[in-house]
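A.B. asks: As given, the protein sequences belong to chains A and B, one line each in that order.
With this note's numbering, the residue at position 51 of the first sequence is 51, and numbering never jumps.
With this note's numbering, the residue at position 50 of the second sequence is 50, and numbering never jumps.
You may find that some hints are simply not true.
To be verified - Computed list of lysine to aspartate or glutamate pairs in EDC-like fashion (alpha-carbon distance at most 20 Å, straight line):
1) A:K3 - A:D33
2) B:K16 - A:D33
3) B:K51 - A:D35
4) A:K98 - B:D48
5) B:K16 - A:D68
6) A:K75 - B:D15
7) A:K75 - B:D48
8) B:K42 - A:E127
9) B:K70 - A:E62
10) B:K16 - A:D35
11) B:K69 - A:E62
12) B:K43 - A:E127
Claimed, not checked - Pairwise CB distance ranges, derived in the manner of DEER restraints:
13) B:E49 - A:K98: 14 to 20 Å
14) B:A72 - A:I137: 42 to 48 Å
15) B:K70 - A:R72: 22 to 28 Å
16) A:M1 - B:T35: 29 to 35 Å
17) A:D117 - B:N61: 28 to 34 Å
18) B:K70 - A:T129: 23 to 29 Å
19) A:Q130 - B:K42: 18 to 24 Å
It should be emphasised that the hints constitute simulated quantities derived from the structure, not laboratory data.
Here the structure is a predicted model, which means the values were calculated and not measured.
Where is the CB? At the ideal position from N, CA and C, for every residue including glycine.
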Amino acid sequence: MIKIDRGPWREMVNHAQVAYPNECCGAMIGTIDGDRKSVSHAIALDNVSVGSQAARYELRPEDLLRADREARQRKLDLIGIYHSHPDCGAYFSETDLKNSCPWYSFVVLSIQSGRFDHANSWLPNAEQTQAEKEELIWPES
Amino acid sequence: MARIMIPTPLRQFADKQDTVDLPGKTVGEVLTALTARFPDLKKHLYTDEGKLRSFVNVYLNDEDIRYMKKDATPVNDPDTLSIVPSIAGGCHARS
Numbered sequence: 001m002i003k004i005d006r007g008p009w010r011e012m013v014n015h016a017q018v019a020y021p022n023e024c025c026g027a028m029i030g031t032i033d034g035d036r037k038s039v040s041h042a043i044a045l046d047n048v049s050v051g052s053q054a055a056r057y058e059l060r061p062e063d064l065l066r067a068d069r070e071a072r073q074r075k076l077d078l079i080g081i082y083h084s085h086p087d088c089g090a091y092f093s094e095t096d097l098k099n100s101c102p103w104y105s106f107v108v109l110s111i112q113s114g115r116f117d118h119a120n121s122w123l124p125n126a127e128q129t130q131a132e133k134e135e136l137i138w139p140e141s
Numbered sequence: 001m002a003r004i005m006i007p008t009p010l011r012q013f014a015d016k017q018d019t020v021d022l023p024g025k026t027v028g029e030v031l032t033a034l035t036a037r038f039p040d041l042k043k044h045l046y047t048d049e050g051k052l053r054s055f056v057n058v059y060l061n062d063e064d065i066r067y068m069k070k071d072a073t074p075v076n077d078p079d080t081l082s083i084v085p086s087i088a089g090g091c092h093a094r095s
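Just chain A, with the same shape it has in the complex (with noise of 0.2 Å):
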């Protein structure tokens, strides 16, 4: 189960609504426990992939890098990456397992004619071949 505090998931809708038609990313740190995430921080970061970003994100690993001292640093972990999918459901897509991490989780939010939809959480497996949807707890869900 991951639960997003109200701050950082203001905050990665914020942002998945303001690169509306384009798609954005950014990393989730907060605390684990057990089977228990909870996201205290986000952190948005750049899409740097090529070309038209209506459909396509990617991320700098080295901004993933700096993310990852910023969790340590708070005495935090890097918990999980968001991503939004503009017009689109919130659904794990074939591209999104063919460049995902099984050490993560992934947060999808569907933005639809700019304004938040829905949104899913998804952990992918090791061989990039399937992701199970793992519950999503956000402050208006």
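Given chain A, work out where chain B should sit, using these hints.
C.D. replies: Only chain B this time, still in chain A's reference frame:
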């Protein structure tokens, strides 16, 4: 000798440590020492063929070792090695 920063989800396979100091003169030697000390980590970092998984990047301090000498990149105390995944995606192509 180098310090390896262990990503949060992998710490359960490394005695819950967030950093590990390991001997070695090159990146490859230090990574070998890592998986020798924590064998359960190996399948998370390497394929069955013994290659680093496609999404795994290794940084020596702030530099990607692919742009240095890869596994042969020399390390010196107090260098830091970080394991950082490549991540991308996009909403086209429903799985």
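A.B. asks: Sort out whether A:D68 lies within 20 Å of B:K16, counting only the CA atoms.
C.D. replies: 16 Å, holds
A.B. asks: Straight-line Cα separation of A:K98 and B:D48 no greater than 20 Å?
C.D. replies: 18 Å, holds
A.B. asks: Holds or violated: B:K16 with A:D33, Cα cutoff 20 Å?
C.D. replies: Since the Cα atoms of B:K16 and A:D33 sit roughly 12 Å apart, the hinted pair holds (cutoff 20 Å).
A.B. asks: For B:A72 and A:I137, compare the CB-CB distance with the range 42 to 48 Å and indicate the outcome.
C.D. replies: 47 Å, holds
A.B. asks: Just to be careful, I want the Cα atoms of B:K69 and A:E62 compared with a cutoff of 20 Å; is the pair within it?
C.D. replies: Measuring from Cα to Cα gives roughly 18 Å; hence the hint holds.
A.B. asks: Below or equal to 20 Å on CA atoms is what counts here, so check B:K70 against A:E62.
C.D. replies: 17 Å, holds
A.B. asks: Is B:K43 close enough to A:E127, meaning Cα to Cα at most 20 Å?
C.D. replies: The given pair, whose Cα atoms are some 11 Å apart, holds under the 20 Å limit.
A.B. asks: Given the range 23 to 29 Å, decide if the beta-carbon distance of B:K70 to A:T129 lies inside it.
C.D. replies: Holds, at about 27 Å.
A.B. asks: Verify the proposed pairing of B:K42 with A:E127, using a straight-line Cα cut of 20 Å.
C.D. replies: Cα-Cα ~14 Å, so holds.
A.B. asks: Mind checking the alpha carbons of A:K75 and B:D15 for me, to see if they're no more than 20 Å apart?
C.D. replies: 18 Å, holds
A.B. asks: Given the hinted pair A:K75 and B:D48, is their alpha-carbon gap at most 20 Å?
C.D. replies: Judged against 20 Å, a Cα distance of about 34 Å means the pair is violated.
A.B. asks: Could one say that the CB atoms of A:M1 and B:T35 fall in the range 29 to 35 Å?
C.D. replies: Given a distance of about 31 Å, which is inside 29 to 35 Å, the answer is holds.
The structure fails hints 3, 7, 17 (numbered hints given earlier, in ascending order).
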